[in-house]
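Engineer: Sequence:
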Amino acid sequence: MSGKLGLDAAVVRRARRLAAAAGRPVVELAKSHTTVAVERATLRLAGIVGADPDGIPWVNRLVDAVAADVGLGRGVLLPVFDALIRDGHADLTLLAQRAAAGSVRFGVPDAGKSGRARRSAAAAVARGVARIDRRRRERERLVARHGDPVRRPWIYLIVATGDIHEDIPQAQAAARAGADVIAVIRSTGQSLLDYVPEGATREGFAGTYATQENFRLMRAALDVTSKEVGRYVRLTNYASGLCMPEIAVLAGLERLDMMLNDSMYGILFRDINPIRTFVDQRFSRQVHARAGIIINTGEDNYLTTADAVEAAHTVTVSQLLNEYFAREAGLATWQLGLGHAFEINPELPESFRLELAHALLARELFPGAPLKWMPPTKHMTGDVFRGNLLDGFFNLAGVLTGQGILLVGMMTEAVVTPWLSDRDIALQNVGYVLRAAGNLHEDFTPGGFIKARAAVVLREAVELLERIGEQGLLEAIAEGTFGIMRRPPERGKGLEGVARREDGYFNPAEQLLTGGGR
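Heads up: the sequence shown begins at 1 in the working numbering, then just goes up one per residue.
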């Protein structure tokens, strides 16, 4: 391999082969199961909308009614469309309302009598996929019209007031000040809700609820600002948690551009059942692939619970696994925003050189991917001057190693939710480093320390992948391999929403999403 680190190409190939070997059994597990979230996501593609007076989406009511009558093992589409045709209901939403009232019973039609239901269901899902295709083409036209940022890395900034109507002006102000990507953090705990809230929301805590209407409002506002600033401003949210597949569908329908979507985050940090997570992440990534959405993975989170030096190789292993799972689901290289972070204790001697080694290793292992580089958080103390300095070093490391997406660090991290003034200072810091350092990475030739450290991390990653191959990824997760979190496959939130696929399982969404053509 070419590059500053001189990585051994044979070792890199071995690492990828080991990641694929560890990942294949998990993919087969995902293919042989379904979940309530996958079935709900498919019905959302088929057109169901709205929520009951208590705020529970009709799609939840409908899937729950089908599961109670016939289970999930053969999917919900055949029972739903059989009932729709049999009883003459006007649409899926009306059917869900009557099912919630107890006036509809569901069954799975015999193969010889299911043709009409199959055709009707497939056509409805195809219309939803076509809507996602149209939104992707719309993005492509707007990027061609307004242009991309003139330099990399893209500057990624967070807004999260809890009120979508307050988030919008903050996001627009951030874009005018130089942000290229706006991320709206979700309300605390939304990842553990087994439904997607409905409508525009104003009551989030430490974040704003991810809803289809909130997506629509923010995307429309940033379209106005994109025209104003002369570059396409991208919008990010979070496809994770118990509703990962549904949020992916809603993001595709409303033309979001990036989504936080990690293969193991929900398992490790939200104690969601491993099987549920792997099934849901595969479907959600198929949606992202079709929608042209860039995913951002969550390896940075490991370094908030484990030591950033000792656990560096677990980040590399997770990146390789995330790459395998993403490619298997159909994502292209340009959609792989693999994550890593600047989280080494700044009091450690040579900490900056270690950070450079880790960041450059990620860059050279995944040369075509738009890597997402995360700022220091774990060792921020509340000293805003020290924090701003650490963020400056983080920004410099990003420039030196050619990162693709740079999340703006805040000097008030661990103190308060950032104010507009905090974001302005943080953007000034980024802007100065990018202007002053320019293309410094082209001249950067690290010496023996950085090259040796990267080789150690890669070697340890290969050794860990060998152990995972022997024991299996699910067992490795159960033992606390990643982020020192122990998560066994027979436990965790959402397990009751997982079902093994039975003979006759029907869900055309997967084939439609991966069938090619836009």
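A few of these clues could be false.
As the list claims (entries may be wrong) - For lysine to any residue, the following SDA-like pairs were computed, each having C-alpha atoms within a straight-line distance of at most 20 Å:
# : residue 1 : residue 2
1 : 451       : 467
2 : 451       : 7
3 : 378       : 309
By construction, these hints were calculated from the structure, which means they are not laboratory data.
Just so it is clear, the structure is predicted and the values come from calculations on it, not from any experiment.
Engineer: Failing hints, ascending?
Structural biologist: 1
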